[in-house]
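Need the complex rebuilt from these two chains, each delivered in its own frame; the hints are there to steer you.
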Amino acid sequence: MFEKIFQWLDERLGLEAIYGAVLDRKVPKVNWWFTLGSASLFLFVMQGITGIFLTMYYVPSPDKAYDSIQYIMNGVAFGWLIRGIHHWGASLMVLIVFLHMLRTFFYGAYKYPREITWLTGSLLLLLTLGMGFTGYLLPWNQRAYWATTVGTEIAGTVPGIGDFILRALRGGSDLSAVTLARFFSAHIWLLPLGIVLLISVHMYLIIRLGISNVPGEDE
Amino acid sequence: MAKKSSSPNLSRRDFTKIVMSFLGSIMGAMVGVPIIGYVISPALKATEIDDWVSLGALDSYPIGSPKLFSFTRTKVNGWEQTTNSYGVFVVRKSESALNVYSNVCTHLSCRVNWNEEVAAYTCPCHDAQFGLNGEVLYGPPPRPMDEYEYTIEDGNILIHLTEA
Chain U
642 MFEKIFQWLD
652 ERLGLEAIYG
662 AVLDRKVPKV
672 NWWFTLGSAS
682 LFLFVMQGIT
692 GIFLTMYYVP
702 SPDKAYDSIQ
712 YIMNGVAFGW
722 LIRGIHHWGA
732 SLMVLIVFLH
742 MLRTFFYGAY
752 KYPREITWLT
762 GSLLLLLTLG
772 MGFTGYLLPW
782 NQRAYWATTV
792 GTEIAGTVPG
802 IGDFILRALR
812 GGSDLSAVTL
822 ARFFSAHIWL
832 LPLGIVLLIS
842 VHMYLIIRLG
852 ISNVPGEDE
Chain H
14 MAKKSSSPNL
24 SRRDFTKIVM
34 SFLGSIMGAM
44 VGVPIIGYVI
54 SPALKATEID
64 DWVSLGALDS
74 YPIGSPKLFS
84 FTRTKVNGWE
94 QTTNSYGVFV
104 VRKSESALNV
114 YSNVCTHLSC
124 RVNWNEEVAA
134 YTCPCHDAQF
144 GLNGEVLYGP
154 PPRPMDEYEY
164 TIEDGNILIH
174 LTEA
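From first to last, the protein sequence lines stand for chains U and H. Residue numbers for the first sequence follow the numbering used here, so the first one is 642 and each next one is one higher. Residue numbers for the second sequence follow the numbering used here, so the first one is 14 and each next one is one higher.
Bound-form chain H, shown alone (with noise of 0.2 Å):
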């Protein structure tokens, strides 16, 4: 194509690639940069979370078995209100100590379920069963329940609900 200059200098031709390719480089950012970010700016917005939830009176919870507790909480993306619903295990081992667990199955987010039968908390997804203490007894789960921190307030149970 484009033969070498037999000139020490830039060639006419040459000159102009170059600064044609550095202003088309500019103008190509320019018009990049915006739709990128237009693209992904919503991805990289945070709408964090960090509340204390309370769960209700100890006493309503029987000692030994859990029980589920379910609420909902609102954010705002774009231009909508969405409402997310959230469940917890509270495990209550004696008068004092309890476990609250997510009923957010840690395999693929799927809700699970206590299931008095086999004494276990299982998930309609793929089958897997967590044990009373979250412990993961059978199928894909790669970690146990993920549990929240709480403390105990005038006999009310709140959680600590974090979200980044």
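Looking at chain U on its own, in the form it has when it is part of the complex (with noise of 0.2 Å):
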């Protein structure tokens, strides 16, 4: 029963196509170091679920940014868990992604033919920055405020063009209502985005080209 539906569906569909090529590739004999690249992507899955279920009672307005999360920690059942993953897997998934690239970067496999996969993977590290940097300030706490103040402060040091980005990423002048909403409409809309696109990428060049083989010796 199960076997002729799924037959009429690969059929159609080339499910074994794709079961092979993704998941039944040729892989070199590697060791732990060569997981971190899954392990990134199952913390952004985990990031963008309980991200997904967090906006269902979070504010983005500075008058009810902190109420409405208080409000998850305390009134709402598992709501402390569900905030919980996302905090602390917020800051493994930096560390996660840095160790990937690292590793990448030691093993040498950033070279010939996988440098388009090395320039998207940077991309990829220099937007889980950017996450972390938005999503720190959803709280509205005095952390977040003030963090948020240095970071774009910091930005704003640019020669030249440096109080143009730092009027640009708070929306004006101060660190205001629009900053929290801009920030918001980043970390949940804009960043992901651009995550989703660059791991599509990432992901097509690693099952056309294969992973690389951990440098000999001589190498």
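Treat the hints as calculated values from the structure; they're not laboratory data. Certain hints may be false.
Stated by the list, open to error - Calculated cross-link-like contacts (lysine-lysine; reagent style PhoX-like; alpha-carbon spacing at most 25 Å):
| hint | chain 1 | residue 1 | chain 2 | residue 2 |
| --- | --- | --- | --- | --- |
| 1 | U | Lys-645 | H | Lys-30 |
| 2 | H | Lys-88 | H | Lys-58 |
| 3 | H | Lys-58 | U | Lys-705 |
| 4 | U | Lys-752 | U | Lys-667 |
| 5 | U | Lys-705 | H | Lys-88 |
| 6 | U | Lys-670 | U | Lys-752 |
| 7 | H | Lys-106 | H | Lys-80 |
Structure below.
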């Protein structure tokens, strides 16, 4: 019965071929450091799911942001768990993505023909840091407010266009409701969209080129 | 797919399948239960109202025609206080007998108004009409207007406001 349904679908969708290309790839003998990419992907998906559920109660406005998070933590069943996973998952994701980058660098896996994989990966690391930066403001507590004040000031030290960058980030000269709203928008729409697109390219290239060997001693 | 093993014992593959689906179900429940609880928990929280609300002096209401009394009550919903407004029609039959009706239409909760010309409470949404004593005269409402329990203390009317 199930086999018949599967055959019918497979004939039209080519499921076996997708499975073969994505999961039945030939891989060289590698070590545990090669799991960091999958770990990064897993963390991104987990942050996405917990983040979607957090938006069910979170309000990105200065007078309600803090209260709505208090409600998530104390008023909603398992709110502390969903937010806790999102909070700790964020730090863990930055750590894992960074280690993934170090592994690629020290094993020389960025070399021909994998330069574009490396480039997209570098952008993904920057976007991950962007997610951390924008997400840090959203609780709208003292730490969030001053961290973003300092962070945007640092961006403002760029010679020449610094002041423009600072204003563009804050949506004006002050850190305000406009800042909170645009950081929220960037955090849930713009940056995740960029990450999804780049992950697609990144994954396509991994499937197309396969993963690299652990370099030998003479390499 | 999987061929029946000729050995009477469980094959290694079948054993793995059973263990994996068992562990998978446990993990699925560990993820699923918190998420479902997270989504539906505000719906399960009871915010009860059980209050006696004063409508003012009995003498301020005329005998024979309904008079609207409006008041508000605040509840905490999530991160915000929600103020709900209530309206009740006080219909004084005689010196001491009266009825207090909610102005919420029993059809779909629009607010009804007393219309002197047709001598009926009329609903602006679907043209329903209720008679002076709350009975349905015309339109879709499934039951007469809701009535409040009341007492009179020191010449003041008090109604019993309850909400689950």
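Here is how each hint holds up against the structure:
no., hint, result
1, Lys-645/U - Lys-30/H, "holds (21 Å)"
2, Lys-88/H - Lys-58/H, "holds (12 Å)"
3, Lys-58/H - Lys-705/U, "holds (21 Å)"
4, Lys-752/U - Lys-667/U, "holds (20 Å)"
5, Lys-705/U - Lys-88/H, "holds (17 Å)"
6, Lys-670/U - Lys-752/U, "holds (19 Å)"
7, Lys-106/H - Lys-80/H, "holds (12 Å)"
The structure meets every hint from the earlier list without exception.
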